[in-house]
Every structure is written in C-alpha cells, then in structure tokens.
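Go ahead and model the full structure; you've got the sequences and the hints to work with.
Read top to bottom, the protein sequences are chains A and B.
Going by our numbering, 140 is the number at position 140 of the first sequence; the sequence numbering is gapless.
Going by our numbering, 1208 is the number at position 208 of the second sequence; the sequence numbering is gapless.
Do not rely on the hints blindly, as some may be mistaken.
Dumping the calculated DSS-like pairs for lysine-lysine here, alpha-carbon to alpha-carbon at most 27 Å [what the hints assert, rightly or not]:
no., chain 1, residue 1, chain 2, residue 2
1, B, K1043, B, K1310
2, A, K127, A, K91
3, B, K1207, A, K134
4, A, K91, A, K136
5, B, K1205, A, K134
6, A, K164, A, K26
7, B, K1203, A, K136
8, A, K53, A, K156
9, A, K6, A, K134
10, A, K26, A, K53
11, B, K1009, A, K172
12, A, K127, B, K1009
13, A, K172, A, K26
14, A, K134, B, K1203
15, A, K127, B, K1205
16, A, K6, A, K164
17, A, K156, A, K48
18, A, K134, A, K164
19, A, K136, A, K6
20, A, K136, B, K1205
21, A, K136, B, K1207
22, B, K1207, A, K127
Simulated restraints, written as ranges between beta carbons of each label pair [what the hints assert, rightly or not]:
no., chain 1, residue 1, chain 2, residue 2, range
23, B, S1177, A, W59, 24 to 34 Å
24, A, S95, B, M1293, 48 to 58 Å
25, A, G117, B, G1063, 33 to 43 Å
26, B, Y1158, A, T71, 17 to 27 Å
27, B, P1014, A, R28, 29 to 39 Å
28, A, A5, B, F1210, 23 to 33 Å
29, B, T1157, A, G117, 22 to 32 Å
It is worth saying that the hints were derived from the structure and are not from the lab.
Backbone N, C-alpha and C define an ideal beta-carbon position, used for all residues, glycine too.
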Amino acid sequence: MSANAKPYGLIAEFDTTTSVLHAAEKVRDAGFRKWDVFMPFPIHGMDKAMGLKNSKVGWFSFLGGVTGYATGMLMIWWMNAVDYQIIVGGKPMFSPHGAFPPSYELTILFGAFGAIGGMLFLNRLPKLHHPLLKHKRFALATHDKFFVVIETADPKYSETETRKLLEAAGSKRIELVEE
Amino acid sequence: MSEVATQIKVPPVPAGLEREPLVNNNRSFGWISDRVSLITEGKTPKWWWAAFVPSIILLGLLGAMLFYQINTGVGVWGNHHPTMWGWDIINFVWWIGIGHAGTLISAILFLLRQRWRTAVNRAAEAMTIFAVMCAGIYPAMHVGRVWFDWWLFPIPTYQGLWPQFRSPLMWDVFAVSTYFTVSLLFWYVGLIPDLAMMRDRAKTKIKQFFYGLFALGWTGSNRHWSNYEKAYLILAGLSTPLVLSVHSIVSLDFAVSQLPGWHTTIFPPYFVAGAVFSGFGMVLTLLIPLRSMCHLEDIITMRHIDVMCKVTLATGCIVSYAYIMEFIIAWYSGSAMEKFHFMNRALGPMWWGWVMMMGCNMVVPQLFWFKKIRRNLVVVFILSIFVNIGMWFERFVIVVVGLYREFLPSSWDYYKPTWVDICTYLGTFGLFFTLFLLFMRFLPMIAVSEVKGVTPQADPHHPAAGGNGGHH
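Below, the structure written as structure tokens:
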C-alpha cells in the first residue's frame, strides 16, 4: 500500500431495497458504465434497474451438455463395439438405448460443470483481492445494507458531480474508497 | 452489528388476503444473519457433544466392520445362495432414497417457485450428500474385492478391457457418481454468498482465511448475482431430471432382471416416489429437533412442517398405489411365478416384512390428512420415524423376499443377517450424523441469503421496504 493511495470509487449506502432500486435506475439513466450494486441477496428487478442484459451462463451449460452426451455415446460405442467386443446375450455390439443412461448422466454432469465454470468465468471468480473488501462498512453488504459503487475509472466520474447524484438518489452515507 | 432493530414494521394486509408468513415475527435481515450465524459462532452446546460422541463411536464401528469385511470377505455378511443381495443392497437403496428429498427441495421446488423451500434446503442438501456417501459404501464393498473397484470406471488398463455398458450396474455407477458430484456442487454454489457472510463476520484470522478462501472473493455484486442466479436456475433444471433418473436407474438394477416381483415397468416411478417419501421422513426427523435446539422457530415455522407433512402424505399415497397395483398386475399377468411371488410376499414366512411395509408406508401417513396432527411436533416426529422404518422394510421386501424363494423350490433358503450386517448398518448412522453435526457447527445451516430474499421487506414494491405496493 502506497501512502498516496489512489481512489477506487464512491460508495453510497442504502437501507431498503426500494431506495437502492430507485438509486440504481438514476445511475443507469445518468449513463454510467463502471458501476455496480452490492446486496446481501438478489433483488427482484435489479437487472432491469441497472440495464443488464440476460446472463450468458446458459451457453456454457449448453456446450457442456452437448459435450457430455457426445462423450458418453462415442465412448461406449468405441469401447464396447470397436476396441474390445464382448458378446452379451446376443445383443448388438452397440445400441443407443443401452448407451443412453450413462450418456444422459454425463450430459447432466458436464452441463453442471459448464454452468458453474461459466458463472465463475463470467464473474472473474475466484478473486483473492477486491478494494471494496477492505472498506469497513462494506462488510454489511452481506448482512443488511445495500451499496451503490461508482468507480473512478468511469469516463463520467467526477468527485463532486457523482457525489451529488448519489445524494439526490437518497443515500445518507457516501464515502470515497481507496484502491 | 446489531444496532438495528431485529423486527421490521409490516403494514396490515387487507382482510381476506392474509397468508401465513415464511419468516415469523417480521424478522429483519440482520436478525436472520445473526440468528443463523449464532449456531456456528456461539459456544458448542452440550447437546451437540452428547450427539457427536456416540456418532464418532458408531463411525469407528463402521471402520472396524469394513476392515473386518475387507480382510475376510463378503462371507461375513448374511448373503448366500439364493439371497445373494441382502442388507448391503437394502441399505444402499435406503440411504440413496433418503438423499432424494434434498434434491427435490433444492431443485424441483425451486423450479416450481415454492418459496418455503429456502428455510430447509441447505440442511436437506447436506443430508443428501451425506446419505449418498453412506449409500456409496455398500456397492463398493458388495463387489467383494474392494481393491478392484476402479474397474467400474472406464480407465485404460494393462488388460485392455473396458466396462460392459449394457449392464444396468454400470448405469448405476454413472448415475450415483453424477448424483453425488452435482449435489455437492449445487450445495456449494448455494453456500458461496453465505460463506462470504461468514467471512465478513469472522473475528479470528483463521476463520477469515478459511471462509474467505471458500467464498471465492464473493462481494454481492449485482453483476455477479445476475450470472449466479442464472447458474443456480440451470443447476436446478439439471438436477431435476438427474434426481428422477438416479432412482429410476437404481430400480432398473432390479427391473432389467427376469425375477418375478422385480421384472416390472412400474418400478422407476414407484422407486422415485418412495425415495422422496423416505427422504421427507428423514428431513422431518432431523429438522424437528434441530429447529428447537438451534432456536430456529421463526425460520423453520409450523407452516414449513405442515407443508412437508403434505408432501410426505402425497408421496405416501403414490407408493401405496404402487403396492396395490403390483398385486393387480401379478393377478392380471396370469404368470404362475408372479402370482406365487406376491402370495408369498403377503402370506409366506416373511409376511411380517410386508406387514411392516404396508403399515408404515400406507396406513401411518394417512394421519397427515389431519391438520391437528400436522401441527403437532411430537406426533409428526414419531410418524416420520415410522416412515423411515417402513421404507427400510419396503427394500427388505423387494430384495430379500424377491430372492429367498426363487424358481426352483430346491434352492429355497431362509435369510438372516449376521452381526456384521447389523453393525455395518449402525456404523453408517455414525458416518451420517458425524458429518451432519460437523456441517451444522461450521457452516450456515440455513440458506441465509435465500431466506432474506423471501421476507416482505426484500420486495422493493412491498410497503415494508418503503415501496408503494404497485408494479413496474
């Protein structure tokens, strides 16, 4: 930590879901890009209030599922019908019906890996450090308070103007967070 | 952190629109975190030790029994010709069935938007994981030469052999291992925001480090919540067909064979309903004492107990239907072997197994039709134990009664478990309760962030949050 720490952004605290939702709408309408809302549980309607698009996690899961099903079918076909054939009860060497249950399970397994891996990748987690986690009040973001944070990196950021906006949005406690 | 009030003001709801709340006494967000965290942050209660010490002893018994069995061979169990599947397979199916309620609560009720699930899903999912661990021991030991268990997996070996995928037993390997992995991941993903809460509350460096490590740097950012909620929804969507497939595949271990009483298409749906039935029995057995020991009456309310009793009743009726339908199918099939099997089930030397199954699974749950009974904790607790016992006897009837009088009367033989069978089964309770007690002492037993999300003040349009009660 250097003595002249760089500011990371402005943090504004809110007490209720209603107030933070309306504050988010105001920040969105002011055209900010590098900002976020922090809360102990997901608030219904916050994605819309922030102007976020639908999450892309579904694509990762879909790719995982397709990979899982193909892996299952190809693996069973190759093992039991190509590489080492065993005749069991006069049944065909490969049948999609017999291969279906393990392939179905692998679809789900790889689909789940895709969903979780995709979520972590899109969120850039795990992360060992975040400037906000050093801020004293921020511990309440997992307890009972709601925070709007606007980063200094945002092109529209100005210490006085942005502070005014957050005050107008109804926050009674606005502080500067250091990097 | 408790400078704020523990209760919030909720304006009265117009007459006729009142619903029993999900969290009693209008508790605030802060109260919910404090209450749940107290179980892990407070002093270890005496009752915890009183439960933990016997659990550890039973876990030791399990270790001793498995050591003895591995060293000596499966002959130490009561399995013998013609009853080649005994307590090992009964207990495998029994434990894995118990797990199914956890996934039903976490996945299916999530998709059905049953908001009451939030109070019980964390503990029920933990129950699932530990029950599947207990279940997994049995097939692994049952193969006899445990050191060759890895042959079950498609691993290239010096022999150039592969598993034989036309066998339902291989399907079972994939179903159970996928079920365990996905349940564990689903549970962990649900835990991440609550681990972050534990990290932010932690007073010691060690706690901060470990909770912080497993919280993965979670901040509660809405950009993160957005991806998180989508991932959670997909996991629920994947776990639903998964849980239905797991017990279906377990039932195929039986149904794909040619034995009377096993070779029937009713098995998959009947096994799934039975699994959910037994699992809810176990959830009630666990949560009724825990809610009062841990003072969670405002979170796991009488409404929750009431709804879980109703699910038990519904699934109990489905299995009862299957029990009766099996007899009708046997009569209608015209097969002498089928008819004999079912006559033998009800009137043969092991009639008592059938009577226990019918009594505990068909008759006892009918009491849940009465609201007075559903709202009486002592009675519900006792009835839930009957459900656990009844479902054990169902598997006994299927496995043992299905085998001990097979096609050739010259092969008939009575089945009795040995002391090793009994002690191994008791030992799995040691494993289950040891893990469960450690879980409730070190991790948040209630899904805190989810419970906060179903309170009235969490809804930005609710008057309790300062909203105007309208819509967007």
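Results of checking the hints against the structure:
no. : hint                              : in the structure
1   : K1043(B) with K1310(B)            : violated (36 Å)
2   : K127(A) with K91(A)               : violated (52 Å)
3   : K1207(B) with K134(A)             : holds (16 Å)
4   : K91(A) with K136(A)               : violated (68 Å)
5   : K1205(B) with K134(A)             : holds (14 Å)
6   : K164(A) with K26(A)               : holds (12 Å)
7   : K1203(B) with K136(A)             : holds (13 Å)
8   : K53(A) with K156(A)               : holds (21 Å)
9   : K6(A) with K134(A)                : holds (14 Å)
10  : K26(A) with K53(A)                : holds (18 Å)
11  : K1009(B) with K172(A)             : holds (21 Å)
12  : K127(A) with K1009(B)             : violated (38 Å)
13  : K172(A) with K26(A)               : holds (16 Å)
14  : K134(A) with K1203(B)             : holds (15 Å)
15  : K127(A) with K1205(B)             : holds (18 Å)
16  : K6(A) with K164(A)                : holds (21 Å)
17  : K156(A) with K48(A)               : holds (21 Å)
18  : K134(A) with K164(A)              : holds (24 Å)
19  : K136(A) with K6(A)                : holds (17 Å)
20  : K136(A) with K1205(B)             : holds (16 Å)
21  : K136(A) with K1207(B)             : holds (18 Å)
22  : K1207(B) with K127(A)             : holds (18 Å)
23  : S1177(B) with W59(A): 24 to 34 Å  : holds (26 Å)
24  : S95(A) with M1293(B): 48 to 58 Å  : holds (53 Å)
25  : G117(A) with G1063(B): 33 to 43 Å : holds (36 Å)
26  : Y1158(B) with T71(A): 17 to 27 Å  : holds (24 Å)
27  : P1014(B) with R28(A): 29 to 39 Å  : holds (34 Å)
28  : A5(A) with F1210(B): 23 to 33 Å   : holds (28 Å)
29  : T1157(B) with G117(A): 22 to 32 Å : holds (30 Å)
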